[in-house]
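K.L.:
In case you want the letters, here they are:
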Amino acid sequence: MPTQTAPLSAEAASVVRAFADTATRAVLHVPSSAIAPMIWDLLGRAGGDGVPELIPAGREEEAVGIAGAMNLIGHRSVILMQDNGFGNALTAIATWAIAYHLPLPIFANSRGELGEYNSMIHTISGPADALLGTIGVPVFGLDHRDEAATWHDVSVEAIEHAWLTRRPVVVMMNLWRGGAGS
Amino acid sequence: MTMTRIDALTTAVETAPDAAFVVTCGATSREMAAVADLPNHLYLLDSMGLTTSVALGLAIGLRERGRDVVAIDGDGSLLMNLGSLATIGAYGAAGLTILLLDNGVHASASGIPTTSPRLDLCAVAEGCGIIAREVRTTEDLVAGLRVALGDERPHMLRVRIAPQNAPDIPWLHADPVVLGERFRTWV
Chain A
1 MPTQTAPLSA EAASVVRAFA DTATRAVLHV PSSAIAPMIW DLLGRAGGDG
51 VPELIPAGRE EEAVGIAGAM NLIGHRSVIL MQDNGFGNAL TAIATWAIAY
101 HLPLPIFANS RGELGEYNSM IHTISGPADA LLGTIGVPVF GLDHRDEAAT
151 WHDVSVEAIE HAWLTRRPVV VMMNLWRGGA GS
Chain B
1001 MTMTRIDALT TAVETAPDAA FVVTCGATSR EMAAVADLPN HLYLLDSMGL
1051 TTSVALGLAI GLRERGRDVV AIDGDGSLLM NLGSLATIGA YGAAGLTILL
1101 LDNGVHASAS GIPTTSPRLD LCAVAEGCGI IAREVRTTED LVAGLRVALG
1151 DERPHMLRVR IAPQNAPDIP WLHADPVVLG ERFRTWV
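If you read the protein sequences in the order shown, they are chains A and B. Reminder that position 161 of the first sequence reads as 161 in the numbering used here, one-by-one numbering, no gaps. Reminder that position 101 of the second sequence reads as 1101 in the numbering used here, one-by-one numbering, no gaps.
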């Protein structure tokens, strides 16, 4: 029987609350231990009023395809993933979400920074911001220096920014020091 | 005589005129536009491999409106994103039909062989919870689509087609933003 291994931090809870506050109907997610508490929280409340539907995707580019299509027809969705998956997702983000002007809010936890235990993950997570910037995707960062209320407000504004500009927008969440996965 | 891609596309459009079509890139989108360029056709001008994932997103978003979604994919494209079958099957996407136009080659990339002839792609789909069947004639294709459309479970029709592209089909230079907006307006 699977169990939740880490508590939901105030910062992560603020992001989850932002989904409901922006009428988000679906959350596409790709595995990550850091965002797992957010997934468990949504799973625990599945079917509740205003709780977005959780849809697991096998890889990040799949999530971009599914969520982008939903957003094309106004079925509001976001992606929850880890930043080392942007290598997988880059072509789909560029040729689908950007090329077709699709609003696509992506919430990614960052890896490879201080406190990282994996010796190689920084090789893709480190340049992820720059890779996204190169194809014109705005990235908004959140970490332990930000209050939980700020995590909520930035998340809401990032989602609305994606819909306003009809483009992908990334919120890079440092949950390792922010609390949820540390 | 083996069905051509044009035969399959024409049959699909005539059999499912009210469905949303998501069409894979390259010659398939170009031939679809040549058969009928309609607002319910969403051409993926690049994004090879993403057809089935886009179709799943549309099927989820359109299920409340009772609309069918037909993903027109090639064997090469599907093999780039074979995991999407697991996602589709596990989700149990209602109203989603994958029309797999299988010619055993990358017809838009000089006819390089795919691994499809050595694979039982219907068994793969069935293993993922998708109802799948082989199709070799236009009559079988019509029958298969009629069973699949409106069903509560996802379907895949593996349509064996000839490896050649249709001659003299023009390039598809449409702006993807315009294509997307046209489709969204249709929805």
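Calculated from the structure, these hints are not laboratory results. Even for Gly, the Cβ is constructed at its ideal location relative to N, Cα and C. Incorrect hints may have been included.
[To be verified] Coverage of chain A stretches by chain B, computed from C-beta distances (three or more under 8 angstroms per stretch; other residues unrestricted):
hint : stretch
1    : 92–99
2    : 107–119
[Said to hold, decoys possible] Over the 12 angstroms line for every Cβ pair with chain B, so calculated as not near, a few chain A residues:
hint : residue
3    : D41
4    : V51
5    : G68
6    : M70
7    : P127
8    : H144
9    : R145
10   : A148
K.L.:
What hint numbers does the structure not satisfy?
P.N.:
Hint check: 2, 5 and 6 fail, others pass.
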